[in-house]
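Peer 1: The lines below spell out each chain.
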Amino acid sequence: MPVPQQLGRGNRMGRGPYEKSGLVQDSSLPPLRTVTSSFEIFFPFEEKENEDGDTVRTFPSDSLDIAVKLTYMPYGTPDDDAFVWREEKRTVKITAGK
Amino acid sequence: MSRLPLKGLAPALAGTAVLVLAGVVSSAPAPKARTPVRPGKATSIAELSARYDSSSCVECHQEAHDQWARSVHSRSIFGTGRTAATFMTAIKNGLMDWPASGVKTPKDVKVEHLMACAKCHLPQLADSTDAVAQEIVTTIQEWQGAVEENDEARIEKAKKTLTSLNINCLVCHNRNAVIHKWTDGFPEKDTVYGAQDGEHADPKFPKMAQGKSLSESIFCGQCHGQGPNFEFPNPTQCATGYGSYLFAYIPEGGNKTCQECHMRDSGLGHDMQSYRSEVMAKKAVDMHVEAQGVFWRDNRELRPKATVRVELRNNTGHGLPDG
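First to last, the sequence lines map onto chains A and B.
According to the working numbering, the residues represented by the first sequence are 1 to 98, in order.
According to the working numbering, the residues represented by the second sequence are 1 to 323, in order.
You may find that some hints are simply not true.
[To be verified] Quick list of in silico lysine-lysine cross-link-like pairs, BS3-like style, CA-CA up to 25 Å:
#1 A:K93 with B:K305
#2 B:K181 with B:K204
#3 B:K181 with A:K69
By construction, these hints were calculated from the structure, which means they are not laboratory data.
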């Protein structure tokens, strides 16, 4: 979103129309452009000791269900005003390779 | 007048385009210079609401009215409740905090203080006395008090009063219909502005005239603005959508008007909507997601991870979100 400047001075965001003048930042999606973001999510793991006393990691599952939600948060937080625009789900499977 | 294909031309040709436009305007009959006719100012919410009573439009324009009634234009002071609350926040955290505003308590609020919000949320407030500004303030306070006490009857009564003030037919199609008043003349009080000239079957508004800006983005830009409103002693800024349209969308090669997307292509007509509408949300953004799994090696072992790539394309005429 266009991040409004507080009373047109400094680097603080203004909240409320009465103190918004100008912009300090604009994080909105620009019109007619594509914005790409990448996310890396490690699979969950468990750690336990093996019979040799070493700590080893195991991975309970070889698949991960991922939900990508595009959410508009008027106050920047996922509160009651947050509005989900899009949601897509993917399942990533990992198999042990050589 | 058909739209001139100006946007694809290099800046060097802009002078030529301006000359052509001037030639077209000068061939039309010159509008009469008119002194704007203003009745006396409204002294109450009821009077202001009556002055802008659009109920006579419904008989012939039922569909447009019903569409409008679903939009937030129809409750521009109250909104979802958040708008009304923000009026009070602006008073308490803004006006009452500013030493030179003249506002020490809500009782000091006048039309000039509310116009920073009302310029867009209720432009016809400019045609009112300070008594109307006070009545708006006290009604919002009454509504907030009723909400705190969970008094449904008082909530509905206050809400009804506040929602009687809105951006209705007469604001867009009369009061604010003409943007370039020295070019096109000031809005006439007996005329509704729309698609064409002629007679109009409403005794209160027996004439209709073409509103030359009504189907242009600049019309929406009157309120869905460009940043700080410098005409006020303390400039405020709610909307930057039109600014984004002018300085980001058009340079990127965009050529649609607000009305084309929000009224025509959406199929919503006068029910102009934004992010809460499934129709608009679907049109606004294309989202493409790809995900794959890899084994990533840190300094001691392999760890599986998912890499998710999200592409978002903004198809709208302004930054997203904006408005």
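Peer 1: For each hint, tell me whether it holds in the structure or not.
Peer 2: Going through the hints against the structure:
{"no.": "1", "hint": "A:K93 with B:K305", "in the structure": "holds (10 Å)"}
{"no.": "2", "hint": "B:K181 with B:K204", "in the structure": "holds (22 Å)"}
{"no.": "3", "hint": "B:K181 with A:K69", "in the structure": "violated (47 Å)"}
Checked against the numbered hints listed earlier, the structure breaks hint 3 alone; every other hint is satisfied.
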